[in-house]
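What follows is the residue order along each chain.
There are 2 protein chains.
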Amino acid sequence: MKNFNYYAPTQVVFGRDTEGQVGQLVKKYGGTKVLLHFGGQSAIKSGLLDTVEKSLQAEGIEYVKLGGVKPNPRLSLVRQGIEVCKAEGVDFILAVGGGSVIDSSKAISSGRFFEGDVWDLYLHKTHATKYLPIGCVLTIPAAGSEMSDGSVITNDEVDGWLKKDYCVNEFRCKFAIMNPVLTYTLPAWQTACGITDMMMHTMERYFSKDDDMEITDAIAEALLRTCMSEGHKVLENPTDYASRAQIMWAGSLAHNDLTGCGTSGDWATHCLEHELSGMFDVSHGAGLAAVWGSWARYTREENMPRFARFARNVMGCDTTGMTDLEAAEAGIQAMEAFFRSIGMPTNIHDLIGKEISDAEIEDMADKCSTGDTQTIGGLKVLKMADMINIYKMAR
Amino acid sequence: MKNFNYYAPTQVVFGRDTEGQVGQLVKKYGGTKVLLHFGGQSAIKSGLLDTVEKSLQAEGIEYVKLGGVKPNPRLSLVRQGIEVCKAEGVDFILAVGGGSVIDSSKAISSGRFFEGDVWDLYLHKTHATKYLPIGCVLTIPAAGSEMSDGSVITNDEVDGWLKKDYCVNEFRCKFAIMNPVLTYTLPAWQTACGITDMMMHTMERYFSKDDDMEITDAIAEALLRTCMSEGHKVLENPTDYASRAQIMWAGSLAHNDLTGCGTSGDWATHCLEHELSGMFDVSHGAGLAAVWGSWARYTREENMPRFARFARNVMGCDTTGMTDLEAAEAGIQAMEAFFRSIGMPTNIHDLIGKEISDAEIEDMADKCSTGDTQTIGGLKVLKMADMINIYKMAR
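Quick note, the sequences are listed as chains A and B, same order. Everything in the first sequence is counted per this note's numbering, starting at 1 for the first residue and increasing by one. Everything in the second sequence is counted per this note's numbering, starting at 1001 for the first residue and increasing by one.
Don't take every hint at face value.
Quick list of the computed label-pair ranges, beta carbon to beta carbon [said to hold, decoys possible]:
#1 A:322 x B:1239: 48 to 56 Å
#2 B:1229 x A:350: 38 to 46 Å
#3 A:321 x B:1318: 40 to 48 Å
#4 B:1159 x A:170: 47 to 55 Å
Calculated directly from the structure, the hints in this document are not laboratory data. The beta-carbon is built from N, C-alpha and C at its ideal position, and this holds for glycine as well.
Okay, chain A solo, but in the shape it has when bound (with noise of 0.2 Å):
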């Protein structure tokens, strides 16, 4: 067991109605002006916009909106974020909506501010020193930002887009409202993407070369077969609210780093899965699918019986009298078949819909490397070559 820092500050308000209490929620966190930060109309048509601002409006607290967040957020509406922040002075921000707004939130915390570029933040080349505090009402149970310090933001100034991160503990919510309820409309596909981000959370930390953290394994496997029985349901009854909760509630604890103590964790999925949405601009759930599975096949020698044991405790396989290769792939192929299951794409063509060209995984391999001088992953120390082999044997 590695020794970890286990740090999740933010005050979980869960449940049926939770949030008309947001406006008592801003003012113990002390905010009296906020940025009322959301993405498109589904939040105005909900109603929970107006339920959001006359709760904020009882306690005397101050607002000025600014929706329009997208799917992959962007840099060009952070910086309007930043500039509204500055020009109404802005002490709090609220996110109203999933993970991309949240994101967007953050990026707009760390760049209030900080001097310089807030993208230079993005590209890892400074930190800032001061951030203004942020709270969300959750709609979409996926990325897990609501407890997370992280923020993933794409650049849409530059040819080809980028998407980087940034990760601070001043990112950390102040406190997250989730009502189950306000996840009744979302899509199946949205459903399903966001179940697919949440199981790649925990599966990213799983997949390490770590083998003495049996608490940490155990917790994630209830995690990730929690995120399928319950996700069938909820694909089933998309009004189930027991299993709207299980499924929201476990978005949180797969991101709030509580499925990685102990362990050093992997991350080449998601790295390769940023280069796919970066330049398709596609569902990052679906990204992950797609590109698991042979990633999984790419790297599963470097510690096969973590695999197997994968295939026996989270898919349920049956591995009797099977090697640990055989049991790594039946595990492999039992998520994929679960992907399948709840219309997940599980290679790059039912992804983006269309054959993808040599050049353009060699222009994602080369971002993915910044030009082949850095390598991703944990379990295996993926290069250049390796991304390119990947990506071709996931296309």
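Once you've looked at the hints, dock chain B against the given chain A.
Frame of chain A; chain B shown alone:
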């Protein structure tokens, strides 16, 4: 899944040699003058206290020492600690030890600025509004006090003693340093009491009338299985780092509310035990083991399928062809067998080494029900007469 609040802001610093960071952590959380609170000689003899003092000195942090905390921590020492804090201008309490030292620190924290009698807080007569911040270096994994909001204090100023708890979010430690190596020297008995305590913290939340929190159940079951398998390993090999680490982290996760998200919980076994250790000054963990089986048999009809699930998913019983009642009984027997396998008593006679009298039982039930005016338990609401029945079943 019931609505819930989850708030676990403690920064956990886990692993080898982490105690050397204590000075930096106290500084990070604003401490300049520390009450260094500890138990007996073991922290001195092991050299831990010396390491802690050097780390504080290296950061230029002043401190005043107060040792002498006993298991079932006493109100009289709490009062002494409060006076020391007032006299010395202490602004941070550092607990070095197990749950008793942390609970004593919490009581001192609540009494520092409180105008009235600190015991009134534990009698739930009133609330304190200002608290001293607390950090800890944990040496005994058991009580989970390092991440919990609770403190249990024994009033040694009254006849027959009285054990009461007080719970507020301000009691959550700012940081908790956990180095599994520091637990190598724990005697087998204390290790086993600790394992029982953390398992019971999980089981008190698990056994409820609710049946719609699959994710919480799955995590609880993972924790319980880990406690049993790693517990046996630790007792066989007390210096097995990996197993000590699982047990140590399990102790925190068992009581930071993770295993209670969405459930209503029970807690009757804890209430029944508090009277036992209040009257006979026995170890809390052993007291829990002594009464749990009787509590389970007395209350199981309130949710038999849950006891049957426990038998299958936690105790690994093959319940094929059994009725729920038979499965429940098999699970309870397996749990009692585990308790005995780690040296725990499963009845009051084995706990206190003598026959308990009817008068003593009636006295405990009277205290536990505050003179038949208060009930305990969530799975089955227990009145004074029920408490007497359970104590008699467990005698």
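Here is how each hint holds up against the structure:
1. A beta carbon spacing of about 35 Å between residue 322 (chain A) and residue 1239 (chain B) contradicts the range 48 to 56 Å that was offered as a hint.
2. Range check, residue 1229 (chain B) to residue 350 (chain A): about 41 Å between beta-carbon atoms, so the 38 to 46 Å window is met.
3. In this structure the hint that residue 321 (chain A) and residue 1318 (chain B) lie 40 to 48 Å apart at CB is violated, the actual value being about 22 Å.
4. Separated by about 53 Å at the C-beta atoms, residue 1159 (chain B) and residue 170 (chain A) satisfy the suggested range of 47 to 55 Å.
In the structure shown, a violation is registered for the earlier hints numbered 1, 3, in ascending order.
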